[in-house]
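Colleague: Line by line, the protein sequences give chains A and B.
Residue numbers for the first sequence, in numbering that gives the first Met the number 0: 0 to 230.
Residue numbers for the second sequence, in numbering that gives the first Met the number 0: 0 to 230.
To be clear, the hints were calculated from the coordinates, so they are not data collected in a lab.
Any given hint could be a false lead.
[To be verified] Straight-line C-alpha distance at most 16 Å; calculated EDC-like pairs for lysine to aspartate or glutamate:
no.: 1; chain 1: B; residue 1: K61; chain 2: A; residue 2: D66
no.: 2; chain 1: B; residue 1: K54; chain 2: B; residue 2: D29
no.: 3; chain 1: A; residue 1: K215; chain 2: A; residue 2: D89
no.: 4; chain 1: A; residue 1: K164; chain 2: A; residue 2: E140
no.: 5; chain 1: A; residue 1: K61; chain 2: B; residue 2: D66
no.: 6; chain 1: B; residue 1: K5; chain 2: B; residue 2: D27
[To be verified] Label pairs and their in silico Cβ distance ranges:
no.: 7; chain 1: A; residue 1: V49; chain 2: B; residue 2: G189; range: 45 to 51 Å
no.: 8; chain 1: B; residue 1: I94; chain 2: A; residue 2: N220; range: 48 to 54 Å
no.: 9; chain 1: B; residue 1: K164; chain 2: A; residue 2: G185; range: 46 to 52 Å
no.: 10; chain 1: B; residue 1: D89; chain 2: A; residue 2: S46; range: 48 to 54 Å
[Said to hold, decoys possible] To give a feel for the contact side, a few chain B residues facing chain A, derived at Cβ under 8 Å:
no.: 11; residue: L67
no.: 12; residue: L69
no.: 13; residue: I105
no.: 14; residue: Y109
no.: 15; residue: L111
no.: 16; residue: T116
no.: 17; residue: D136
no.: 18; residue: R138
no.: 19; residue: E140
no.: 20; residue: Y145
Glycine residues also receive a C-beta, built at the ideal position from the N, C-alpha and C atoms.
Number of protein chains: 2
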Amino acid sequence: MPKNKKGVILLSGGLDSATVLAIAQAQDYDMYALSVQYGQRHHHELSCAVTIAKKYNVVEHKIVEIDLRLFGGSALTANIDVPKHNTVADIGPDIPVTYVPARNTIFLSYALAYAETIGAFDLFIGVNALDYSGYPDCRPEFINAYENMANLAIAACADGSQKLKIHTPLLHLSKADIIAKGIELGIDYGLTTSCYDPNMEGHACGHCDSCLLRKKGFEENGLSDPIVYVE
Amino acid sequence: MPKNKKGVILLSGGLDSATVLAIAQAQDYDMYALSVQYGQRHHHELSCAVTIAKKYNVVEHKIVEIDLRLFGGSALTANIDVPKHNTVADIGPDIPVTYVPARNTIFLSYALAYAETIGAFDLFIGVNALDYSGYPDCRPEFINAYENMANLAIAACADGSQKLKIHTPLLHLSKADIIAKGIELGIDYGLTTSCYDPNMEGHACGHCDSCLLRKKGFEENGLSDPIVYVE
Chain A
0 MPKNKKGVIL
10 LSGGLDSATV
20 LAIAQAQDYD
30 MYALSVQYGQ
40 RHHHELSCAV
50 TIAKKYNVVE
60 HKIVEIDLRL
70 FGGSALTANI
80 DVPKHNTVAD
90 IGPDIPVTYV
100 PARNTIFLSY
110 ALAYAETIGA
120 FDLFIGVNAL
130 DYSGYPDCRP
140 EFINAYENMA
150 NLAIAACADG
160 SQKLKIHTPL
170 LHLSKADIIA
180 KGIELGIDYG
190 LTTSCYDPNM
200 EGHACGHCDS
210 CLLRKKGFEE
220 NGLSDPIVYV
230 E
Chain B
0 MPKNKKGVIL
10 LSGGLDSATV
20 LAIAQAQDYD
30 MYALSVQYGQ
40 RHHHELSCAV
50 TIAKKYNVVE
60 HKIVEIDLRL
70 FGGSALTANI
80 DVPKHNTVAD
90 IGPDIPVTYV
100 PARNTIFLSY
110 ALAYAETIGA
120 FDLFIGVNAL
130 DYSGYPDCRP
140 EFINAYENMA
150 NLAIAACADG
160 SQKLKIHTPL
170 LHLSKADIIA
180 KGIELGIDYG
190 LTTSCYDPNM
200 EGHACGHCDS
210 CLLRKKGFEE
220 NGLSDPIVYV
230 E
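Okay, chain A solo, but in the shape it has when bound (with noise of 0.2 Å):
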């Protein structure tokens, strides 16, 4: 059966994009994958959605460069140290300082101008409700109103014949669910990344709120993580 679905996926080189990547085509999507270079010190996870891209054969893959350090305002693209803790129960409960204004929004926002010109009503992303950084652009409220609007912005729905989805297939996963969903799937966590602030070889340094919660998914699977940690 010939595959027929064009779906775009918003792929960071990090472990929940991967996943949500071998979830779309295990539905038969055909991947257009887009990546951000938005001023990231963490750009290490860019050489990784350019790995895993042509390993599980995306049909397309566009990087986007964009520079965010424009406003500022994240420890993310500013001068400003990536908060590190001992333990995921370290971690508060305040939006912290590695959320970046409006990043979502943007990212999506490029999704849905690739996906209306190369014909795809299925957008794809890795956020997730549960073991996330607090970010409000990760909520299920946020995903749905920007569906809703995505409906209203683009022409290709605006005579309402079309529908487009943002698939969210993490949302409700906690970290350990969503590695052993990929590890079934078949992908090699080796090559992705989630450190907010890896060295210069790109080695994770195991105490950012995403490493520790990383660390923490593969520790519940009774797994060990195949990257390399600083420490």
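Place chain B on chain A using the hints.
Modeller: Chain B alone, transformed into the frame defined by chain A:
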């Protein structure tokens, strides 16, 4: 009375956004302007935006460079001819090829990021549901959906104590009404541009949809348009 309100405006260099700037300033907003270099063929408008921002004393003017040519799909960003007509009556009912996929969605997303980093909760955009070119992302329902999404997207509004508003003072005005309003507020429309396909000196073609709507607006006010046309 000191000004105490910050507003972010998408300033294109066109007639509409110049008018919105004057309206917002008349309401005592301190204005922060954002212009976008997106690979448009009518980049003359950016130099107009710079001139307008200086002349009307915005607090800050940021120019974002993004490249929508990466996706193509529009006469404004790809190698597709801009349609030309003789009168406004010749403009068809369909969404024209000058439509840029997801353009306003992307532009507003940058404005949202900018607003959050400076602590502004008021975005201004010169969209218009009359005398426009049939773009879906200029409709009131799009703007409402965007505002709803934006309030869920950013950390500054995440706890519900602050509300972000998108101001569209031109939404229900005709081009003639817009021009009358701007003249009343002292806007020098000689500093603005509207043409989708100006020549090398920035002179307007006089026959694209945007030129035709602009010329009609001045005629209906019994005024001559201060900009230079090729013919």
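Colleague: Does the alpha-carbon distance linking K164/A and E140/A stay inside the 16 Å limit?
Modeller: 14 Å, holds
Colleague: Just to be careful, I want the Cα atoms of K5/B and D27/B compared with a cutoff of 16 Å; is the pair within it?
Modeller: 9 Å, holds
Colleague: Quickly compare the C-alpha distance for K61/A and D66/B to 16 Å and report which way the hint goes.
Modeller: Between K61/A and D66/B the Cα gap is close to 12 Å, so the pair holds against 16 Å.
Colleague: Does the closest beta carbon of chain A sit nearer than 8 Å to the beta carbon of L67/B?
Modeller: 7 Å, holds
Colleague: Within 45 to 51 Å or not, the Cβ separation of V49/A and G189/B?
Modeller: Hint holds: Cβ distance 49 Å, inside 45 to 51 Å.
Colleague: Checking one constraint from the list: CA of K61/B to CA of D66/A, max 16 Å. Satisfied?
Modeller: 12 Å, holds
Colleague: Run the distance test for K215/A versus D89/A: straight-line Cα separation, threshold 16 Å.
Modeller: 13 Å, holds
Colleague: Any CB of chain A closer than 8 Å to the CB of L69/B?
Modeller: 6 Å, holds
Colleague: Should the interface hint for Y109/B be scored as holding, given a Cβ-Cβ cut-off of 8 Å against chain A?
Modeller: 7 Å, holds
Colleague: Would you check the hint for K54/B and D29/B, treating anything up to 16 Å between C-alpha atoms as holding?
Modeller: 14 Å, holds
Colleague: Quick check on a hinted range of 48 to 54 Å for D89/B and S46/A, using CB atoms only.
Modeller: 51 Å, holds
Colleague: Going by Cβ atoms only, is Y145/B closer than 8 Å to chain A?
Modeller: Hint on Y145/B: holds, closest Cβ of chain A at ~5 Å, below 8 Å.
Violated hints are absent here; each numbered hint is respected by the structure.
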